[in-house]
Structure formats: structure tokens, C-alpha cells
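With chain A fixed as given, assemble chains B, C and D onto it according to the hints.
4 protein chains.
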Amino acid sequence: MVNNQKIRVGVLGSTGSVGQKFIELLSNHPWFEIKELAASEKSAGKKYGDAVNWILPTPLPSHIKNITVKNCEPNLNCQIVFSGLDSNIAGEIETTFAKKDYVVVSNSKNHRMDEDVPLLIPEINDNHLELIKHQAYGRGMIVTNPNCTTIGLAIALKPLLDNFGLESVNIITMQALSGAGYPGVSSLDIVDNIIPFISGEEEKIEAEPLKILGQLTSGQVQNAKIKISAQCNRVAVVDGHLECVQVDLKEKTTSDEIIKAWKKFNGEPQRLKLPSAPTNPIHYFEEENFPQPRIHRNIDKGMAVSIGRLRPDTLFDFKFVILSHNTNRGAAGGAILCAELMKAKGYF
Amino acid sequence: MVNNQKIRVGVLGSTGSVGQKFIELLSNHPWFEIKELAASEKSAGKKYGDAVNWILPTPLPSHIKNITVKNCEPNLNCQIVFSGLDSNIAGEIETTFAKKDYVVVSNSKNHRMDEDVPLLIPEINDNHLELIKHQAYGRGMIVTNPNCTTIGLAIALKPLLDNFGLESVNIITMQALSGAGYPGVSSLDIVDNIIPFISGEEEKIEAEPLKILGQLTSGQVQNAKIKISAQCNRVAVVDGHLECVQVDLKEKTTSDEIIKAWKKFNGEPQRLKLPSAPTNPIHYFEEENFPQPRIHRNIDKGMAVSIGRLRPDTLFDFKFVILSHNTNRGAAGGAILCAELMKAKGYF
Amino acid sequence: MVNNQKIRVGVLGSTGSVGQKFIELLSNHPWFEIKELAASEKSAGKKYGDAVNWILPTPLPSHIKNITVKNCEPNLNCQIVFSGLDSNIAGEIETTFAKKDYVVVSNSKNHRMDEDVPLLIPEINDNHLELIKHQAYGRGMIVTNPNCTTIGLAIALKPLLDNFGLESVNIITMQALSGAGYPGVSSLDIVDNIIPFISGEEEKIEAEPLKILGQLTSGQVQNAKIKISAQCNRVAVVDGHLECVQVDLKEKTTSDEIIKAWKKFNGEPQRLKLPSAPTNPIHYFEEENFPQPRIHRNIDKGMAVSIGRLRPDTLFDFKFVILSHNTNRGAAGGAILCAELMKAKGYF
Amino acid sequence: MVNNQKIRVGVLGSTGSVGQKFIELLSNHPWFEIKELAASEKSAGKKYGDAVNWILPTPLPSHIKNITVKNCEPNLNCQIVFSGLDSNIAGEIETTFAKKDYVVVSNSKNHRMDEDVPLLIPEINDNHLELIKHQAYGRGMIVTNPNCTTIGLAIALKPLLDNFGLESVNIITMQALSGAGYPGVSSLDIVDNIIPFISGEEEKIEAEPLKILGQLTSGQVQNAKIKISAQCNRVAVVDGHLECVQVDLKEKTTSDEIIKAWKKFNGEPQRLKLPSAPTNPIHYFEEENFPQPRIHRNIDKGMAVSIGRLRPDTLFDFKFVILSHNTNRGAAGGAILCAELMKAKGYF
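Residue numbers (our numbering), protein chains in the order written: chain A, 1 to 348; chain B, 349 to 696; chain C, 697 to 1044; chain D, 1045 to 1392.
What follows is a list of derived Cβ distance ranges for each label pair:
| hint | chain 1 | residue 1 | chain 2 | residue 2 | range |
| --- | --- | --- | --- | --- | --- |
| 1 | D | Gly-1244 | C | Phe-1044 | 51 to 59 Å |
| 2 | D | His-1178 | A | Pro-30 | 51 to 59 Å |
| 3 | D | Lys-1144 | A | Asp-256 | 47 to 55 Å |
Bear in mind the hints are in silico, worked out from the structure with no lab data behind them.
The beta-carbon is built from N, C-alpha and C at its ideal position, and this holds for glycine as well.
Looking at chain A on its own, in the form it has when it is part of the complex (with noise of 0.2 Å):
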């Protein structure tokens, strides 16, 4: 594909934390161009280089220094636009960019239980997609990544709920800086510490797989019928949630052929060489201390679901311990996942 013919994006809220990983996953991607940032009124007439507190390892690409930050208004030249804003303004400002016929892949939680917008995990339920008929934004549209935690989760259970039925979902999460964004947690509250605390997370974790799981009938998104109790604790790990679960299954089954249903799990994205597409969703570990964040985040561009431990349990049917990069898979790479998958489905 020459360069001028990349797809043009913008990103909404693009100085915070979300919005610079964007940046940073756009940079050299073979189908999108970053062509316009926005952020808030303070940024907006600035360059971007001047804008922004950069805090990833990664250079900020000189080609995006010189962009002008616009305010986060239609008017931007480009045809998706990433929103990475935050929640509370995230709403309006995507309904308005779908009303003015722009592709909307948002991070941000507002849409995510409207009942026209796909909660997007492209391996999962990317027929979820048909969604978008019934939104009544013209040739715009909206469309919402998961929960950073909801995600590993979520591409972990599929599996067993596709060979063996799920009855119900226990899962307690240790979670990453990152996931609280820029500046977040203070550091006088995680260095030697853990806070057994994140507002509103266990409510997003118990409610959206419900969604994502669920059956698509007649243009309606029918509710897996899981129960599922979270519970969620920040704790100093730079970037990548670890999650501790316990599932009942509909049928019996053995640790055997729960490994070999994760390990074949695959969807779209790998059946359609998706730029951003881990080459395998779920990566199983042997040994016994396995998953460790540091040492496994970044597996498969970070874009990929690591388990381990997966034993019989005394009160639920298995246990076992998930690992997902909450910035890359959990929020901006998952976001552009789900463009990718639609742009090769022709939704654009």
C-alpha cells in the first residue's frame, strides 16, 4: 500500500496516557496514518511535541512533534478517529464525531453498554459487528473496546465456554500503574504497598463479558448467562494485570483438554493476518510460577493472553492465573485490533 493511500486517523485525547500508546502503535502501522491529534482546550494550537508530557519508552516520532493539536471537534481531516478520552466527557464528543459520519474505536467506557455498539474483542465476537446497522449515525459509527482487565479475562473464558459451557466466574486481579493513567496512583500509595481498591472496576469486570460472551439474535446482543464476581487491587507492576480465577463448568472435563482448547483458540484476526494480531491469543505456561508480568507482558506484541497454574480446585471446578498487557492488548492495541478487523471486513 503506497503511504498516501493509508486510511487517515485522528486521536481524541491524545497527550494523556491512552492517547500517547495510540500514538505510539500508529506510528509505523501499515493501513493508518495519524494525520490529526486532539486533546483538551489547554493543548489545542500547540504542537504536539510541546503539548505533551511523553512518558513511554519509545521516541516520540518527530513526524507527530510538528502536528497541531486541534480541540476535539468534527472538523478534523481524517476518516477513524481513536478515542482515548476520558469518561467523563468521552460520551458526547463520540456521539457527536459518529453523527458527523466518522469511524469512532473508543477506549473510553461510556458506549460501552449501549445496546447498538459492539463491545469489540475481535477474537471472540467479531460478528458483533452487525451491531453498527441499527446505530442511527449515518455513515459514522461507534465502536468500544473492553475493559483493560475484562479483555484478558474474556479471551481466556471463551474457549472454555465454547467446549465446555461456563457456569460461573470467580477472579481477583492485581493491576498495573499504567491502567490508572498519567499521573495516576501516587507513588506515596504503591511503593511497599498494595491498595485493595479500584473504583468501579469490579462493577465493569462482573457486567462485560456478560455482553461480549453473548449471543448476537435478531440484531440484539442476548447476555451470556455467567455469574461472575471480581474483585481488584492495584499493586507496583509498571504495566500488565495478573488475575487469579476460578471457574464451574457446565460439563466435566480435565486440565488436558482445558489447555488444548486455549491453545487452538484463535479467531479473525488470525485468520485474517490482522496487522496488530497476535499470532497466538493465549499463550499456556508449564511451569508452576508462571505468569509473571515483567517477564511475560510483551509476549506476542504484548497483544497476547498468558495462563498458567490451571489445577482442579476445591470450591469452583479449575483455578488458574491470567496475565494481559492492560495498555497494548487492554486499551490501544485492542482499540486498533478492532479497526483492523473492520476495515478488512469493509465496515469502512
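Chains B, C and D only, in chain A's frame:
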């Protein structure tokens, strides 16, 4: 009590991390006086100050520095020995001391499950001390202190068991580094990381509470009939184990009733005003993000259990968060409290 | 002293991190009693327990919780105000209080370099209190506590200056997170990282010791003639600033002589047995890897300076390592010691 | 180059942390191919995958897993051996290999100061390779890579020496955990802490740059006449040594001139486009709070040195901050670059 009337005590495994904590806590003890320090071959014969790599913030008292370390053989001039021995040698050595008429109070796992050995948490099962009568050690005896994670858990569970009945308990831990001893966990394994595995720990947590919470009938402990599932993680916290717990109760109740039960809970150590007893064994916090290890681990001399976030659960009846200090309440401090109880009850 | 004879004190900026430390240290003070808490507009009128986000491990005393926070205006019912105000507002407010006859003891930088304001370290320059006579505040007065890093440094330097003369001082710091206040440093900036820059800090360290170590002549402080160079780094340590120091002395001497000078050093706080005074202002460690922040910061109530690793240097005469607690000795504790000295000397 | 034409290499001490880094960096090397892995008695005979506790985030390549580990004896089927041996055994083993015609490129300290052994930083002293002619090892030879801290320092100093002359250098380090190997530093010694001491490190930093920056005259290295003072600290950073440096220059100059000298600095690795060479050996940052370990350590494959905060000093002429990756540039990566230079220059 005049100084020379204090009870003479010794510490086995005195140079290790638990041994050091014993020394710290016994240095100004009103009833006990350190007279003997024993350790492995390579320390024996040296002044303690030369043998030890003292890792505690409390300065090593100078009268302790000059004690000559002896071998772990039953020729120590003391009545009680506190054992912080490594479990690969503790079993036999402790038996040898008991046979030679020493009172052995051990933090090691070896004798915990012996039929005639109390697995003692003084607030919970002081009556289990009667098991000592069945020991075949003459005037000697062995009493054990439970696993560091078990202690916080069992104290939180006891009021639930007594007031509402207990069906099942699910626990996921985030455990401090000091629980692994010294040098213990490599810094390269834990900075910016979590290890989702602690060897042998889950098994102990699933088994020990059943004995501790069991009924003493005809000189035997009948294990409590509770199903427990445990998952353990090591995190970058110096001291203080945090535990996410879920419970199914036999009777319906409310959060208010449970909090009331926790707040009024106390036991023999409080009634007898034992020197190491916390004023309140349980502190309940209303703040939604408490308890936290660095903030609350030292409450009530590090001997109390902090609880917070009690709320109804979707899979179990209730869920909540526990914090307890793993080397004070959970190791040396707990063992010393056992010895205080035994003294107050006339066991020696 | 009967309770109702205690001196009534207030805290300005009482909800901030330094303000909280003042409250912690003053809660059971034998001479002072907290009667007033003042803070910004948005806290004024609330109960302190509702206004503050209490971040200290020591529980907030209940009688403090119920004090109603006032504005920082000079209508407080107390004799002394301790100021933990932010430096962008501290200067004017403190002047206003002094003019209204309050004794102002400030931890803020604003008045530190005023010609007529003592920059006080009670062990070093108690005679600088005479500057107060030259203040134009009537019965009111302002005394300041130096920068947190300066304090440890100046205490270590004073015996060198007095015994051997001091030419030049080179200092590289590794400073704790609590020095930046709360929320202060973002966790994403410091986990697995170092920030080699602290705004304005190097300038303070290069200037303040010259005034502190200066001679009072005819009512004026003549700055000490020492050349100082400072480089400052922020590290992932909760409390305790570590400083690598090199010095050129005027006279030749030996390590033994220097250690002797440090060990015998003390001042008015020790002679007067002030309540917050450390028994020994300086603790010297022979261990090659001491002092360390987590191990030694709380020595002598966190009010002593720990020194170690003294050895000859190839570029300077000697080099060594200093540790001092930045919020006890370095902020609130140091300021309270100043007030104790002033009381003992009859300044109020 | 066809695969079977690659140069066969072996790694001594292959299971250690430096050995693992060698394997990581050599796994896809365009010129070298790992054919032999050697380690201690207790690993010899095992498959490498079974013998090693692999601690790196990069997955262990499967073709490496199946290599059978051999003893460190000179019967390996390869031309070059990279040595990551522990210094208490490295000296003799390396000599043995050199005598048996192997090219030994070592990261250990043992032979660094041998008169006839190059202490090589390819950008600085490639001409020191001539020393090899004076070695008495027949076709074999020994070349050494400097200490991890020395490398970053020497690269920063070289342009200063060449352009302005260098009188003296003062350096205080904050060194990463990976520099101590595995398990290395206990987590209990470093979480919420700093250790102001690293055994033997200051001596190496004060000595090694003198040889590296020395002139080769009549087959001998004349040490550079520079006075160096070093103080070393261990901090809770995984990778990347940060160094606060002060220098006295022979000629007066400006910050701008120095930055210009750093930016244009390069050497043989850049001219020869060696595979492991950084594009620019030195990156200078204008931001007042850069460089930082977590952000900048991986710049240019972890093979470049990052510098920032250059400013005039009160005691020296200038001060600045250096960061370099201690296991890439500072250990295995640096040694591989040495071998690449030797190959390109025809030494084997």
C-alpha cells in the same frame, strides 16, 4: 517481677529472619529473658553480633550481641525454646528438645499437624492446649504457631464460625517478602513484578484452619467441616500479607451483624491482658480502600488483624479484605503470645 | 505540667503532608497542644477528619478528627503556628500571622533567607535566635526550618567545620518520595526508575548551609565561606534522604578524628533535654554497607543523622554517606524542635 | 552469509545472568552462531532448557533449549568463546581456552588489567587490539570488556578528553539490580531502600577508564593521567546504571561545545556498521529531568549512552548525568561488539 525472676528462654535458628524477629520482640519482654541463642554449625561458637547479618530496623541490643551462639542441642540453660528453625531440620531437633524437658514453641511447620500438638492461636483455641497432656515428652512439650497467612485468616473467620456458621472460604493472597525469609526472594524476581506461586503455601492454608477451628473432643481435635480454597501470590511489599476472602455462611446475616461480631471478638489473651496481646484482635475499617499493608500492618503492635471492604458477593455470601503482619502476628509475635498464654495458664 | 497549662498551637496547611506530620508529632507533645487547624478555603468549615486524606500509618487521633478546620487567617486561638503551607502562598500568610503577634515556626522556604529570620537547626546555630530582636513583628516572630536535605548535611558538616575547617562540599542526593508531598511523584515516574532532577532543590542545598553555618556578628549572619555543589535525584524510597558527600577540610586529619568529632557532637537540644531532641544527633556506623534508608531512618525518633563509609578520597580529602529522615528531622520534627528550643530559651 | 558459514561460538558460564544475555543477543546474530554452551559441573550433561533458570523476558529459543551443556573445558566445537564466568573461576579457564587457540572475549574482570590484554570499548580504543600481538597464546587470544559502569562513563568522557582535555572525574552511581547477577540482591535489602555500597566496584571505576583512555605506545598502554573518584549505590531499578558525573577539563569551553562534541562522537563500530553498534554512541537530552533508567535504557538496542543535565558546576567545571544499559552495553552486548570489531578487523 525482678529481672532474675524472669523465665529463661532460648531461640533456635537465631540467626535466621524469624530468629531475629524473636530476639527483637523478646529483648524487652516483661516475663521472658533471652539466655541462649542457638544456630547452625557455622555460627556456633561465635558472638551473636558476629554471626548474624542483622536485617531489622530495630538496633540489635548490645547485651544480645555478646551472647555466644551454641549448637541446636538440648544443653541450653533455659526453660523455653522458641524455634525459628528451617523446616528441613526443625522436626527432629524440636522433638529432641521436648524429650529433654524443654518447652518448645515453634514457628516451623513440622509438628503442626501432629495429633497431640496444639496448632495454637491464643484468641481462638486456647483449650487445645489440653492436647499437651497427651504428649509423650515428660515435662517437655511442643506447641506450634500456624502459617503466617493462616493466622490472619483464622482470626477473621472465628467470629463468623461462632455467630453464623461457616460453609466455605475462598482466599487469594498477596504476600510480603519477609514471609520468604532472608535472602529469600531475589530482587530481580519481584521489582515491577508478581510471582503467582509460593511453594507449599496453598496446601497449608487449606488445611491448617480446619485444625485450629476444630472442636476438642475426648482429647482429640475434630477438624472443622469447612471447604477452603487458596491461591497465593508474592508481591513487592516488605511486611504484611493482604488477603481477598469470600465466605459462604450457614445462616443468613447482614454486613452490620458481621462487623459487630468482628468488633466484639476477643479471647483469652485480652481477658488475661497478656503482654503481647493486641487490645483488639480485629480492627474493621470503613474506608473503601483500606486496609493497606504499609499503613496498617503495625496496628496494635503488629498483633491485630485489619479487615475492610466487607460487602455482599455474587458467588459467595460475602467478600472482604484482610491484612495481618506476617512476622509479628504471623510468626515470632504469634509464637510468643502462645508462650504467654501457656505461662498464664500454668503450663510451665 | 498540667494539661491545661500546655501552650496552645495551631497548624497552617494542616491537611497537606507536612501538616499531617505536624499533627502526628504534636498529638502527644508534653509542652504543646493542638488547638487550631487551618487550611485552604475548600477545607475550612469541615471537621478535620472529613477534610483530610490522612496518609500516615499512625492513626489520626479522634480528638483531632473533630476539630473544625479554619481559614489561614490570624484569628486562631493559639500562641504558636506551625506552618506547612505551600511555598506559593506561605510567605504572605506567615508575615500576616507574625504581625498579629503569633509565633510562626515555618517549614516553608519563603522567609528562610530573610536577613532577620533565623534559619535554625537547634544543635547548630541556636544563637541565631537573636535575629528575632531585629524583626519588626512586635510580639510576633518568624523562625524557619531548613530544607529537608540541608538539615542532614549541615548537622554532619558542623563538627567538621568546628574541628578541622571546611573548604568545599560536594553532595549527590537520593531523595525519598515523601519529600515531594502528596500526591507528589507519580508512581509511573518512579517504579523501576530514578528521576535525576528535583526542581529548585540543588539551589537550596548550595545556599542554605552557608547561612546556617554562618557567624552571627553585630546582629547579622555572615555566611560561611564554603563552596558547595549539589546534584539531586528522586528514588523509590518512602522516607529518608541518602546523601553521598565529599569534603575538603582546612586542616589535615584522620578518619578516626572525624568519627570522634561526630560521635561527641551535640548541642542545646541535648543539653536542655528538649522533648524532640535525639539522644545523639549523629550516629556513625562501621558497617561498610550502612546507613540504609529503610533500616536507619527511624533511629532516635527519626531525629538523628546516620553517617557511614567515611574514607579518604582521591579528589577531596574525605567522602562519606549521610542518611536523615526527611519528614521527621527534615520537616515537621525539625520545626517542632525549633519551637521547643525557643520555649526553653524564653522566646515566648 | 549462508547460515552454515556463520562463525561458531560458545558461551562459558551460559546458565548465569550474563550467560543468558549472551544467548539472547547471539540467538539471531548475523555473523555468529551459538554452537556450544558450557557451565559448571552441575549443569554439564543436561539439556540447556533443563539446566537454566531462564530469567529474561525474551523467550528462550527452542534450538538453544536442546543444546547439551558441556563443562568449561577447551574441547568445544567453536572458534570464539564468550565468557560470562564468575570471577572466582574465570581467570584460569579463560587462559586455558586461549592457549588452546580459542578467541576468548570475556566480561569477567580477571584479565582486564593484564598488560597484553585489550580492555576494549570499540568506539574508543580499537587500536588497543594490537596488544593481542604480544599475547603468548598462539592463535588464541583474550580480549576483555570493561565493568558495566565504566563503559558508560568512558564513552561519555572520550569526546571530552579528545576535545578539551580531562583533569579529573567525580562519579556517583545508582546501579541497577541486574548488575549483581541472579539471585543477586535480596528483595528485602532493596524494596523501599538503597544500599550505598557495591563490593569492589569503586576500585574498578577508578582504575579501568585510565587504561581504556590510555595511549598505545610501543606496544604498551600508557594509562591516561586523570584523577577519578567513584561512589557506588545499589537501587531498586531492574536495568540501567545512572551516574552523576563532574569533570574538570584542561581547556575552557562551553556547554554547547561539549554537547556538540558528544553528538558528533562515533568510532569504528559506526564506520564499519557493526551489527551491534548503536547508530549514535551518545544521545544527549535537553529535558531537565532526563535521562531516566526505565525510559531511556533501551535506546539504540540498549547499546547507546544517554546523557543529560549538562551544566556548569561550582566545584568542577561541569556536571551531568549518564545512563547506560548495564547488561546490554555494559556486559554481553559490549562483549559481542568487541568480537564484531575483531572480526571486521581480521583478527580471526
